[in-house]
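Chains A and B, in that order, give the protein sequences.
Note that the numbering used here has the first sequence beginning at 1, numbered continuously upward.
Note that the numbering used here has the second sequence beginning at 1001, numbered continuously upward.
Derived by calculation from the structure, the hints in this document are not laboratory data.
Among the clues, some could well be false.
[Claimed, not checked] Residues on chain B that point at chain A, a partial pick, calculated with CB under 7 angstroms:
1) PRO1008
2) GLN1041
3) PRO1105
[What the hints assert, rightly or not] Chain A is faced by these chain B residues, among others (derived, beta-carbon under 8 angstroms):
4) ASP1063
5) ARG1064
6) PHE1065
7) GLY1098
8) PHE1103
9) GLY1104
Since we're looking at a predicted model, the values are computed, not measured.
Glycine included, every Cβ here is placed at the ideal spot set by N, Cα and C.
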Amino acid sequence: GDSVTQMEGPVTLSEEAFLTINCTYTATGYPSLFWYVQYPGEGLQLLLKATKADDKGSNKGFEATYRKETTSFHLEKGSVQVSDSAVYFCALSVDLGGKLIFGQGTELSVKP
Amino acid sequence: DTGVSQDPRHKITKRGQNVTFRCDPISEHNRLYWYRQTLGQGPEFLTYFQNEAQLEKSRLLSDRFSAERPKGSFSTLEIQRTEQGDSAMYLCASSTRGETQYFGPGTRLLVL
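So that you can see chain A by itself, here it is in the shape it has in the complex (with noise of 0.2 angstroms):
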């Protein structure tokens, strides 16, 4: 079945540092891909989205390339902040509109 795949956590880096989130997908057809965030006792938030192959999803400098061949969606950043500091799910849609298959999320933390 459809299933998504992210690195373990916890990831921990010092501010400034550059960022990696691995996450690799498993499915039928051609799926929409996401990035969501959840912030310390706050609800999900999409973060980026990329809905065919090649595209690249980007938001508040954080970056995912849709790639078909590898069946993957690695988030990066080039700088992170403290603020970043969260725990970051890549999810799947099939359908656009229906139901998200997420990963296991990866729980980030930023040191100053």
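Starting from the known structure of chain A, fit chain B onto it as the hints suggest.
Okay, now just chain B, sitting in the frame of chain A:
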């Protein structure tokens, strides 16, 4: 801000009791989703509605669970004869067809 709201935010109940949660979606959204999230895991899809029609139910949704959206606006999720394994965060999301899902803050359920 008229985002997705959920009530209650927290619920503690004893095993065997029934509980009901409410979700109010963003007003113009015709799709409404329920997910369950356990500690350290990503959200898992339970069910979703388009207007008042329940279009898909997960195998996770046992016969003790029932969801309704009687007038195509708010939705309720009822769990009968709660078990300790039902302890989780129950998330609601809404969208217009084919668009991004926006999540509510969740209802945290603890079954003693």
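Hints versus structure:
1. Because the beta carbon of B:PRO1008 sits about 15 angstroms from the nearest beta carbon in chain A, more than 7 angstroms, this interface hint is broken.
2. For B:GLN1041, the interface hint holds, since its Cβ comes within 7 angstroms of a Cβ in chain A; the closest pair sits about 6 angstroms apart.
3. A distance limit of 7 angstroms between C-beta atoms decides the matter here; for B:PRO1105 the minimum to chain A is near 4 angstroms, and the interface restraint holds.
4. The criterion of a C-beta within 8 angstroms of any C-beta in chain A is not met by B:ASP1063, whose closest approach is roughly 20 angstroms, and the hint is violated.
5. Taken as an interface hint, B:ARG1064 does not check out: its beta carbon lies about 21 angstroms from the nearest beta carbon of chain A, beyond 8 angstroms.
6. Given the 8 angstroms rule on beta carbons, the hint for B:PHE1065 is violated: about 16 angstroms separates it from the nearest Cβ of chain A.
7. Given hint, B:GLY1098 at the interface with chain A, holds; its Cβ is 4 angstroms from that chain's nearest Cβ, closer than 8 angstroms.
8. The criterion of a C-beta within 8 angstroms of any C-beta in chain A is met by B:PHE1103, whose closest approach is roughly 4 angstroms, and the hint holds.
9. Look at B:GLY1104: its Cβ gets to within about 6 angstroms of chain A, closer than 8 angstroms, so that hint holds up.
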